[in-house]
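There are 2 protein chains.
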Amino acid sequence: MDYLESLGLRAKKASEVLAKLDPATKNLALRAAAEAIKKNSKAILEANAKDVARAKERGMKESLIDRLMLTTDRINQMADGIIQVSALKDPVGEVLEIITRPNGLHIEKVAVPVGVIGIIYEARPNVTADAFALCFKSGNAVILRGGSDAIDSNRAIVNYIREGIQREKLPDDVILIVTDTSRETATKFMQMNEYVDLLFPRGGAGLIRSVVENATIPVIETGVGNCHIYVDETADLDMAVNIIDNAKTQRYGVCNAAESLVIHRGIAQKAIPAIYERLSSKDVEMRGAEDVREIVSGIKDATEEDYAREYLGPYISVKIVDNLDHAIEHINQYSTHHSEAIITEDKDNAERFLNEIDSACVYWNASTRFTDGYEFGFGSEIGISTQKLHARGPMGLQALTSYKYQITGNGQIRS
Amino acid sequence: MDYLESLGLRAKKASEVLAKLDPATKNLALRAAAEAIKKNSKAILEANAKDVARAKERGMKESLIDRLMLTTDRINQMADGIIQVSALKDPVGEVLEIITRPNGLHIEKVAVPVGVIGIIYEARPNVTADAFALCFKSGNAVILRGGSDAIDSNRAIVNYIREGIQREKLPDDVILIVTDTSRETATKFMQMNEYVDLLFPRGGAGLIRSVVENATIPVIETGVGNCHIYVDETADLDMAVNIIDNAKTQRYGVCNAAESLVIHRGIAQKAIPAIYERLSSKDVEMRGAEDVREIVSGIKDATEEDYAREYLGPYISVKIVDNLDHAIEHINQYSTHHSEAIITEDKDNAERFLNEIDSACVYWNASTRFTDGYEFGFGSEIGISTQKLHARGPMGLQALTSYKYQITGNGQIRS
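From first to last, the protein sequence lines are chains F and D. The first sequence begins at 1 in our numbering and counts up by one. The second sequence begins at 1 in our numbering and counts up by one.
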């Protein structure tokens, strides 16, 4: 049995113990893990310093080093995050549906853990604690494969998480880490269908594409967002400008930020200058075709590629359309099916947009930035699914569960 | 654009029309399709006769020819099946959850069609009509890839389905058929992620394995059932014998038939002779290890392989265990996670079994044969899922839907 298989088997065994645990014990273990992390923040910082030193030697970009680097504050936030998850409602055991059949069979559809969850992510040590907490709370064992640049930090964090959960006499193997960080092992890990039930890639578009292409385990695709805002002919212009400003500039690097504007021709002469004024005051570069540039000369030329891009930066594409049909067609063609908004005072147009746009979250008169597990009131978020199966949109603890049917009879046989 | 891509694109376009349809129009179209099938049963029979003649020439097995062959009665049943689906509740547009946020955002989680569904199946023309009806009712376009031996029958059935739906001015392309029945094209079909959202293999274990291995499109794995019945120490013996008889012999070739027995050592001396007597009276061969054969000499030797087999025939394996823990361990090791039952008068043991057995359907004192969409009251069934993601157990129309979040605001921005 090779290295990965033995990890898989250990996780599977641990998941069987975990699936039976009562909520109170799980919550005690989570709080103990958080406490152990806080108490040992010095040791975690030392491990992290090694990672950061190596990363600097290798010439890692400043922004990536910032995501890799831990501070006492960040470690405390990590621990507080675990405590917050412990306070959430336990999703396991919830009776989702009760069916009583004419023959007397009593059928209960009950939420159960998925089993073993694999997480593949970049050099962000906070994901280690965060992913563990959500998987553990929902009764799943987790195998973490973080970026090789964070290996010392991850080892240390996992070490203290384990110290915490051991206090509740739980098996270490509910959290496992792939310490062999070669690409070859990563690919093998994505194909361990016998031991891993579900794979979450957490990171940039490149990481996600690589997991989708190489995995044979079911994957939940998350994150990429070319989000559109459509300004309809009857839009309240102030509202439109405020929402576009918020969705574009409140945070650039997030998947629910707006990347593309679609403007009804009937309002373009008024709307585009107003939007341009606001966005250029924040150094956002607008890119549009000739009909857009005729309205405001400061707008840059847009290529076909611009309509499809997730900039994750201070850029936005603009497209003028003749009517709602064109808007819907354009958005369904170029979007990544994440989040799109219509700004309109016309209820019928809003309803058509909400129904016909094929995206996880569709907004009427609100910012796309609300696509988020916390903003939806889920109390947590493992990611935002851009696929249609199992889970779509912001995913809370429920997305980490499956269900089973428990059927009680008194001797029924089928005739 | 090659043949398959053009099919995919046509289906995608049709699915956009279909997603917007009201329930009444869909139901009229379904009834018109059923009518057209009934009216043209002669032409369908003629097409089927060609398939049957070719199959006989090729020396197809009698049992497979029986599944391929249509009669006027079978065609009428096919049409009646479509009418029954038209009478089911439309799953699309159902509001699954409403969330109101403190900032005034109103969030509705609404059921939507998946989009384009691919069905890969064997030479069973009835699946053509059945799969179409379920996909259409749930707002999905469908691309059918049936066994090459049924190609003339399938063409004819699709032809008359289209004749029916054209009466409601709906696009033909809501139902498409892959007429190039080569294996190469089948494999390409399983990898059309851009156009097909979900793939259902319907058929035997070989077909399902091939689809799971070759597909890059998300697949719902269905069907294989090595179902266990565990006779606990306190079982009501008459009930146990009746349930085992029903689960084993009522129909042999189905995935929810019992294939494996597990018996508590404390009741084995009484239970095994009683079960043997009943099953051997129906020519079922029992296979067990030495401790089983010591109790009844007529029982055959079981190899390790027997515990894992889905016989789909008059055979059953028997295993004696020392306690409930061993029973659960044995079943979780060998089962295909489909359906398992415990026969016991002990409520605590029943609850442990229902909680700890990792299968889609777990029964207390009832036959595994009830794992079925109709028996669960779903009114339809596209298959029985043995995986944990998206759908588990019997799947009705709901399994053919996804959801989206529709969010209504009045200018909310994120702070």
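Calculated from the structure, these hints are not laboratory results. There's no promise every hint is true.
One copy or any two copies: either way a pair holds, since identical chains are not told apart in the list.
As the list claims (entries may be wrong) - Below, a list of computed lysine to any residue pairs in the SDA-like style, where the Cα atoms sit at most 20 Å apart:
| hint | residue 1 | residue 2 |
| --- | --- | --- |
| 1 | Lys282 | Thr181 |
| 2 | Lys89 | Asp291 |
| 3 | Lys61 | Gly313 |
| 4 | Lys56 | Lys347 |
| 5 | Lys89 | Arg278 |
| 6 | Lys188 | Asp283 |
| 7 | Lys50 | Gly203 |
| 8 | Lys50 | Ala111 |
| 9 | Lys270 | Ser280 |
| 10 | Lys61 | Ile98 |
| 11 | Lys20 | Leu4 |
Structure-based check of each hint:
1. In this assembly of identical chains, Lys282 and Thr181 lie within 20 Å of each other by CA distance neither inside one copy nor across copies; the values are 41 Å within and 58 Å between.
2. Proximity of Lys89 and Asp291 under a CA criterion of 20 Å is satisfied in neither setting, with 52 Å inside one chain copy and 47 Å between copies.
3. Taking the shortest Cα distances, Lys61 and Gly313 sit within 20 Å of each other inside one copy (16 Å), while across copies they are farther apart (64 Å).
4. When the C-alpha separation of Lys56 and Lys347 is checked against a cutoff of 20 Å, the pair qualifies neither within a copy, at 54 Å, nor between copies, at 62 Å.
5. For the homomeric pair Lys89 and Arg278, neither the shortest alpha-carbon distance inside one copy (42 Å) nor that between copies (49 Å) is at most 20 Å.
6. Taking identical chains as interchangeable, the C-alpha atoms of Lys188 and Asp283 are never at most 20 Å apart, the minima being 44 Å within one chain and 47 Å between chains.
7. Taking the shortest Cα distances, Lys50 and Gly203 never come within 20 Å of each other, neither inside one copy (22 Å) nor across copies (55 Å).
8. In this homomeric assembly, Lys50 and Ala111 never come within 20 Å of each other (Cα to Cα): the closest approach is 42 Å inside a single copy and 49 Å across copies.
9. Taking the closest pair of Cα atoms, Lys270 and Ser280 come within 20 Å of each other only inside a single copy of the chain (16 Å); across copies the shortest separation is 86 Å, beyond that limit.
10. In this assembly of identical chains, the alpha carbons of Lys61 and Ile98 never lie at most 20 Å apart, being 54 Å within a copy and 43 Å across copies at closest.
11. Taking CA atoms no more than 20 Å apart as the test, Lys20 paired with Leu4 passes in neither setting, with 25 Å inside one copy and 47 Å between copies.
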